[in-house]
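**Student:** Please take these sequences and the hints and turn them into a complete structure.
Spelled out, the chains give:
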Amino acid sequence: MQDPTVSNLDFEYRYGFSMPQKYTFKSKKGLDQDVVKSISDIKREPAWMRDFRLNSYRIFKQKPMPSWGADLTDINFDDIYYYIKPTDKQVNSWGDLPKEIKETYDRIGVPEAEKKFLAGVSAQYESEVVYESINRELKKIGVIFCDMDTGLRKYPDIVKKYFGKLIPPHDNKFAALNSAVWSGGSFVYVPKGVKVKLPLQAYFRINAERFGQFERTLIIAEEGSYIHYIEGCTAPIYTTNSIHAAVVEIFVHKNARVRYTTVQNWSNNVYNLVTKRARADENAVMEWVDCNIGSKVTMKYPSVYLFGEGAKGEVLSIAFAGNGQHQDAGAKMLHFAPNTSSRIISKSISKNGGRTSYRGLVQVMPGAKKSSVFVSCDALILDEQSRSDTYPYMKIKENDVTVQHEATVEKIGEEKLFYLTSKGISRSDAEGLLVNGFIEPVVKEIPLEYSIELNRLINLEMSGSVG
Amino acid sequence: MTIIKDINFNFEKGKMYAIMGPNGSGKSTLAFAIAGHPAYKLESGSMRFEGRNISELSPDKRAKLGMFLSFQTPLALSGINVFQLLRIALANKKDPLALKKKIETIAKKLGIKSQLAERSLNEGASGGEKKKLEMLQAAILDPKLLIFDEIDTGVDVDALRTIAKFMNENKDGKTYILITHYNRILHYIRPDKVLILMNGRLMKVGSAKLAEEIEKSGYEKIMSNVKS
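Chains A and W supply the protein sequences, listed in that same order. Position one of the first sequence corresponds to residue 1 (our numbering), numbered consecutively onward. Position one of the second sequence corresponds to residue 1001 (our numbering), numbered consecutively onward.
Simulated from the structure, these hints should not be mistaken for lab results. Backbone N, C-alpha and C fix where the C-beta goes; we use that ideal spot for every residue, glycine too. Some hints here could point you the wrong way.
[Claimed, not checked] Footprint (simulated), chain A over chain W, 3 or more residues, beta carbon under 8 Å: (1) 1034-1040; (2) 1052-1060; (3) 1163-1172.
**Tutor:** Printed below as a string of structure tokens:
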């Protein structure tokens, strides 16, 4: 017997509610130089950032749409609001938040999560960070964790040094778009030798129709430091398409370690086109844990540029594609130095006509001796209508390296389903259990509250009528 | 292909049955068919459980009525441990901590190492460990009818003793069907009735003594006796 409350939920997106809009500023639809200028003006940005935006806008106009990957032909750049500012100023306490916003967060569960073990919450409502509660301990140890706009205002020197240096505007069309109209996102700076034990978490949210969210995140981990940053995304459901084009740049200095965990659950009308890149210096470790459950289309390939000798990069990813969804996800590892190592573990699931693609690039440059590469991508296809493809590119320009590549494609076995159903588990629960077992090697790397959420999401998706 | 033919038998509540027969006689097929394996179709006749026709019920519905099948070769399930399986099988109704405790207690009785209960189910487990894990699931799910397919295959003597002891201690009010090729398990458990299956037909029904006869003379002899 299926739990009736669960099956009722199947018919609507779990977070598919939207609150009345109460905005203080909303740019006109579509994008031109004036919109870009006005975003910069409202934010009272320094000239260099304004120029950076305008230059990025020009690059965005020139760049063609990617000719590979997922189908993006439905995106209409003229039909999107590029900037919305929901409230005048940011608030520091929960009580100061406007009621609708509080309700939105209540439904996502921010305060509960916070009660447990949050080091700090920076939640994004529309394009502006409106709620932020920073653990006092963070400040004491010199860690900066704020929204990107505040970061630019308060720490212009650090921002200028790193902003756009790893992902320049001309990297790709969506990075250019983000660079032109970015708003919000997180700025994190961890001083030398500081190890932040609790993960920093940020919740992101889109709440206006046809509104693209262009958050920008910059993380700098100084020598010997450690930080774990977590972003969880949810969005209300809408009938027209929204874009989420984020840029995340991470600098992992010598002997530092950064882990960046994403649980992405955009509603099924969002184009999720995100550029994420990290630079790892000598003996630094960069780990991306990337879970893509929602969105209409996701194109995301977290990458690590292994610049320093002995640097390590890792991407653990999960993609789930249901009806009408295409998850084109993967990883990029570039080995520039000797003794560098990279590990990519990708698990994808497609169901109800969904499509998953693993797209990966591993490049070992000449001279990156004794480097090691490990790539493992497993796809699980749940029915005949669904599809999975693998595009693993390897460019190895050095002989003295170890390269391992494994790929499997499997269907859910009838015998396993019978084994579970004969124990009294319904067929859909049995499928859910097998899927959760399939992704377990990645899920176990995710903090408990997120992994529970993830398992719940998968079970909801598995129980059939979503999408 | 018709595998099971003309079996008309009533398993009585609270009794211990052994189904014996040579390889390929249809024992496992019968077990799968009773549990509702989708690969097996009922061509004619019906199956009843406590008076209810279960012929059309899916395996999970049959299990929910109180039926349990332990596989001859329990499948390895990556990333799923016995706790997760049982939690969902019980539809999350039981308090997870109480369930965990109960699993631990029974696992201890069955001599299942605690790390085994936390690992992926049946993955890298020995034959005996797998069967013990099946027994553990049965003990938690508390079914009325328990079918054990080849419970003594690939199981060492110590594990077999432990399993048999556990069965003997937990048989009150339960109906057991032990499917076995040899009668190893029957050295430790005395069945109320022994059924001989050959070529998909129920050839003979007897007391525990029948199993001893088979051990002595083999199936051929029994079959020729039946024929003559």
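**Student:** None of the hints should be skipped; say for each whether it holds.
**Tutor:** Status of each hint after checking the structure:
1. 1034-1040: Holds: 5 residues of the region 1034-1040 of chain W have a Cβ under 8 Å from chain A.
2. 1052-1060: holds (count 3)
3. 1163-1172: Since three or more residues must qualify, the claim that chain A covers the region 1163-1172 of chain W is violated, with 0 doing so at under 8 Å.
Comparing the model with each numbered hint stated earlier shows that hint 3 is the single one that does not hold.
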